[in-house]
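Just so it is clear: in the sequence shown, position 118 is 118 by our numbering, and no numbers are missing.
Rather than coming from a laboratory, the hints here were simulated on the basis of the structure.
We treat Cβ as the ideally placed atom computed from N, Cα and C, and that holds for glycine.
Hints are supplied without guarantee of correctness; some may be wrong.
FRET-style restraints, in silico, Cβ to Cβ [stated by the list, open to error]:
#: 1; residue 1: Gln157; residue 2: Arg43; range: 31 to 39 Å
#: 2; residue 1: Arg43; residue 2: Glu6; range: 39 to 47 Å
#: 3; residue 1: Asn127; residue 2: Pro88; range: 45 to 53 Å
#: 4; residue 1: Ser37; residue 2: Leu132; range: 31 to 39 Å
#: 5; residue 1: Gln157; residue 2: Ala59; range: 20 to 28 Å
#: 6; residue 1: Pro89; residue 2: Ala45; range: 35 to 43 Å
#: 7; residue 1: Pro25; residue 2: Pro89; range: 40 to 48 Å
#: 8; residue 1: His172; residue 2: Cys113; range: 22 to 30 Å
#: 9; residue 1: Asn127; residue 2: Leu3; range: 36 to 44 Å
#: 10; residue 1: Leu133; residue 2: Val170; range: 34 to 42 Å
#: 11; residue 1: Leu132; residue 2: Gln157; range: 33 to 41 Å
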Amino acid sequence: MPLWAERTARLIPLIGLPVCLWRLPIGFDFMMGMDASPTPWNRWASVSYVLALSLLSEAFALLCRGLVRPWGEVVPGWVPMLRGRRIPPFAVIVPGTLGGLLFTALLVDWVLCTFHVAGFSDVPYTNAWWQLLASTVSGLIALWGPLVLALTYAYYQRRCRPALDAVRRVAHTS
């Protein structure tokens, strides 16, 4: 595994953490400088939603480690009935690519809204400091997509390229 991929897999949960922390006060109707009304939901529904979204985000970010660790290639021993079985590469590559593309679309949306390109705009903020903080936090999570795509490509290189190279060598010698 290349060192850059290992470091990137460790970085992804860290770049997701600020936006998770940013969301939490919003669940309690503190709008973090946004010039918008709080959600119409009751407090517990709002807090539960924000907390679940944050925990799910970090869980998926931690799951990206499977793109560089052995448990992304073979089912770990603690999983009943499946332990030790080889994970088909495309069972990892397809969701990794789709997730990376989805989050890359968020990056495009972030760029369009942050820099007011083609009439896009973000939610208004009460002052420039809140807007700068929001842009920074959301800009970090917007990097998730390209990073996941890079890790998915490294996973593909590691898992599929040796087999393709072997097929080419056999075809070339025939």
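For each hint, the structure was consulted:
1. The given range of 31 to 39 Å is broken by glutamine 157 and arginine 43, whose C-beta atoms sit roughly 48 Å from each other.
2. For arginine 43 and glutamate 6, the Cβ-Cβ distance of about 41 Å falls inside the hinted range of 39 to 47 Å, so the restraint holds.
3. Checked against the hint of 45 to 53 Å, the C-beta distance between asparagine 127 and proline 88 comes to roughly 51 Å, which is consistent with it.
4. Look at serine 37 against leucine 132: about 22 Å separates their beta carbons, and that is not inside 31 to 39 Å.
5. As the Cβ distance of glutamine 157 to alanine 59 is approximately 26 Å, the hint placing it in 20 to 28 Å holds.
6. A hinted range of 35 to 43 Å for the beta carbons of proline 89 and alanine 45 is consistent with their spacing of about 40 Å.
7. With their beta carbons about 41 Å apart, proline 25 and proline 89 fall inside the hinted range of 40 to 48 Å.
8. Range check, histidine 172 to cysteine 113: Cβ separation about 51 Å, and the 22 to 30 Å hint is violated.
9. Distance hint check: the CB atoms of asparagine 127 and leucine 3 are about 42 Å apart, consistent with the given range 36 to 44 Å.
10. About 57 Å separates the C-beta atoms of leucine 133 and valine 170, a value inconsistent with the hinted range of 34 to 42 Å.
11. A beta carbon spacing of about 38 Å between leucine 132 and glutamine 157 agrees with the range 33 to 41 Å that was offered as a hint.
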